[in-house]
Amino acid sequence: MKTYEVFLKRPGKDPFTHVGALEAPDDDLALSFARDCYTRRSEGDQMWVVAREDLLVADPVELEMADRPHRHNDGALLRDLRQAGDPPAS
Amino acid sequence: MRSWDSMDDFEAFLDGGGLVEPDDDMPDAYREAVFRFIELHANSEYMGGLTERDWIAKAPGLTNKLTALAKTQDEIGHAHLLYMVAADMGVKTRDEMTADLLAGRTTFHNVFHYRAYSWGDQIAIAYLVDAAALASQQAVFKNCSYGPYKRILRRIIAEEGFHMRNGEELLLKMAKGTAQQHEMMQEGIDRWWWPSVQLFGPDTRPDDVLLRWHIKSERNEDLRDRFVQKMVPQLTAAGFTIPDPDLLQDPDTGRWVSGEIDWDALKAAIAGRGPDSARRLNDARVAWEGAAWVRAALDEAAAVPA
Numbered sequence: 000m001k002t003y004e005v006f007l008k009r010p011g012k013d014p015f016t017h018v019g020a021l022e023a024p025d026d027d028l029a030l031s032f033a034r035d036c037y038t039r040r041s042e043g044d045q046m047w048v049v050a051r052e053d054l055l056v057a058d059p060v061e062l063e064m065a066d067r068p069h070r071h072n073d074g075a076l077l078r079d080l081r082q083a084g085d086p087p088a089s
Numbered sequence: 000m001r002s003w004d005s006m007d008d009f010e011a012f013l014d015g016g017g018l019v020e021p022d023d024d025m026p027d028a029y030r031e032a033v034f035r036f037i038e039l040h041a042n043s044e045y046m047g048g049l050t051e052r053d054w055i056a057k058a059p060g061l062t063n064k065l066t067a068l069a070k071t072q073d074e075i076g077h078a079h080l081l082y083m084v085a086a087d088m089g090v091k092t093r094d095e096m097t098a099d100l101l102a103g104r105t106t107f108h109n110v111f112h113y114r115a116y117s118w119g120d121q122i123a124i125a126y127l128v129d130a131a132a133l134a135s136q137q138a139v140f141k142n143c144s145y146g147p148y149k150r151i152l153r154r155i156i157a158e159e160g161f162h163m164r165n166g167e168e169l170l171l172k173m174a175k176g177t178a179q180q181h182e183m184m185q186e187g188i189d190r191w192w193w194p195s196v197q198l199f200g201p202d203t204r205p206d207d208v209l210l211r212w213h214i215k216s217e218r219n220e221d222l223r224d225r226f227v228q229k230m231v232p233q234l235t236a237a238g239f240t241i242p243d244p245d246l247l248q249d250p251d252t253g254r255w256v257s258g259e260i261d262w263d264a265l266k267a268a269i270a271g272r273g274p275d276s277a278r279r280l281n282d283a284r285v286a287w288e289g290a291a292w293v294r295a296a297l298d299e300a301a302a303v304p305a
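Residue numbers (numbering that gives the first Met the number 0), protein chains in the order written: chain S, 0 to 89; chain B, 0 to 305.
Wrong hints could be hidden among the right ones.
To be verified - Listed below are several chain S residues computed to face chain B (Cβ distance under 8 angstroms; list not exhaustive): (1) Met-0; (2) Gly-19; (3) Ala-20; (4) Leu-21; (5) Pro-24; (6) Asp-25; (7) Leu-28; (8) Arg-34; (9) Cys-36; (10) Leu-54; (11) Asp-58; (12) Pro-59.
To be verified - Reference listing, derived: stretches of chain B covered by chain S, where coverage requires no fewer than 3 residues with Cβ under 8 angstroms from a Cβ of chain S: (13) 68–79; (14) 82–94.
Stated by the list, open to error - Cβ pair distances, simulated, as ranges: (15) S:Asp-35 - B:Glu-168: 22 to 28 angstroms; (16) S:Leu-77 - B:Glu-168: 55 to 61 angstroms; (17) B:Asn-142 - S:Thr-2: 24 to 30 angstroms; (18) B:Ala-296 - S:Trp-47: 22 to 28 angstroms; (19) S:Thr-38 - B:Tyr-116: 32 to 38 angstroms; (20) S:Pro-10 - B:Ala-295: 35 to 41 angstroms; (21) S:Asp-53 - B:Glu-168: 41 to 47 angstroms; (22) B:Ala-296 - S:Asp-53: 20 to 26 angstroms; (23) S:Phe-15 - B:Arg-35: 48 to 54 angstroms.
Because the hints were derived from the structure by calculation, they are not lab data. Glycine included, each C-beta is placed from N, C-alpha and C at the ideal position.
Construct the entire structure; sequences and hints are all you get.
Laid out in structure tokens, this is it:
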């Protein structure tokens, strides 16, 4: 048996969302079981079923490290500049 | 892999609303406690699904049979989802969990250790037991620190909501029905009131780790009390009585106060010494063995290269 991950997209503008996992012997039955387990009440109009072994999973610590302060702008400097009034005459 | 230097750090992470994910290096005690809780929930959904299945043939009329069919699929589906989440914690495999359940080494909720004799029992289960289970699950969902469990609970709760609504519909139909129907419904309430109240468990102990680690968000006694406050007026308004001779309404606050709760009955049921434990577990074994050919066929299909 293989483990599969199931992703659903609700009708409309929502992105695909991971909804859970299941076990199945092959891809065809994985799709069939996914329909039975996850879409009995039209929870989505599109579904992706992916074998877990085919998913590339990022390390959460490395994800955190991909963030750098210089990519953010919290508006603090702009606020200070706006409050500072006219620039001094040169 | 995320990890924490000490239990204090981990608890601070949980207190800050952190969600633990399967790949995290969580403390063993947390992994163990959360796993046991989810396994108990999964076992209970599975045993509940088998009970529901018994009523597909017996439910009166096509509509009720279809509802029983849908509910059976829901409950077995919930067990599937929960066993996947539990297995991913790496404590036991699905096969080990099934073997432990069928051998009586693990437990399931007290309410599935009693026998449903009549359609009135089945409605009482749908109305009282599902409401009690839903209230407990909502309290877990609200603040649950284990990510996969919280996400799967959202779906489970939505589906249990359908069941509860159906339970109330059927209860009100019986309330407006013939004297015989009314009597049958009252008997169901008489048999299922106490097991439903006991389902919440005794008062939460001050050192309960499930509360401290944000699996439970409310104390058992608070959930139980809310259940009583909600159910007593509803059942009374529908013309039924509560099988608790000591039930009192506080004249000042208007709140209902239950008589003494028999916690020995709860302990005995969970330990597999309930009135219907042996038959239920045997039914589960028969169902499991009866489906062996399906599992064998799936294994065979898996062995064939695509």
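Point to revise | Pairwise beta carbon distance, Pro-10 (chain S) to Ala-295 (chain B), judged against the given window 35 to 41 angstroms | key: holds, 39 angstroms
Check your understanding: Counting residues of the region 68–79 of chain B that have a beta-carbon nearer than 8 angstroms to any beta-carbon of chain S, does the count reach 3?
Key -> holds (count 5)
Point to revise | Consistency of beta-carbon spacing, Glu-168 (chain B) to Asp-53 (chain S), with hint 41 to 47 angstroms | key: holds, 45 angstroms
Check your understanding: Honestly, do Leu-77 (chain S) and Glu-168 (chain B) meet the 55 to 61 angstroms range at C-beta?
Key -> At 58 angstroms between Cβs, range holds.
Point to revise | Pairwise beta carbon distance, Thr-38 (chain S) to Tyr-116 (chain B), judged against the given window 32 to 38 angstroms | key: Because 36 angstroms falls inside the window, the suggested range holds.
**Study point:** Hint status (Cβ of Pro-24 (chain S) to nearest Cβ of chain B, threshold 8 angstroms)
**Key:** holds, 3 angstroms
Exercise for review: Let me know if the C-beta of Gly-19 (chain S) comes in closer than 8 angstroms to any C-beta of chain B, holds or violated.
Suggested key: Cβ of Gly-19 (chain S) sits 5 angstroms from chain B, so the hint holds.
Practice item. Mind checking the hinted window 20 to 26 angstroms against the Cβ distance between Ala-296 (chain B) and Asp-53 (chain S)? Key: The hint (20 to 26 angstroms, Cβ to Cβ) holds, given that Ala-296 (chain B) and Asp-53 (chain S) are roughly 25 angstroms apart.
Exercise for review: Answer holds if the nearest beta-carbon of chain B is closer than 8 angstroms to that of Asp-58 (chain S); otherwise answer violated.
Suggested key: holds, 7 angstroms
Point to revise | Leu-28 (chain S) as chain B interface residue, shortest Cβ-Cβ below 8 angstroms | key: holds, 7 angstroms
Review point. Taking the least C-beta to C-beta distance, is Leu-54 (chain S) closer than 8 angstroms to chain B?
Key: Since chain B brings no Cβ nearer than about 12 angstroms to Leu-54 (chain S), farther than 8 angstroms, the hint is violated.
Exercise for review: Could you check if Ala-20 (chain S) really has its C-beta closer than 8 angstroms to a C-beta on chain B?
Suggested key: holds, 5 angstroms
Violated hints, in rising order: 8, 10 and 23; the structure is consistent with all others.
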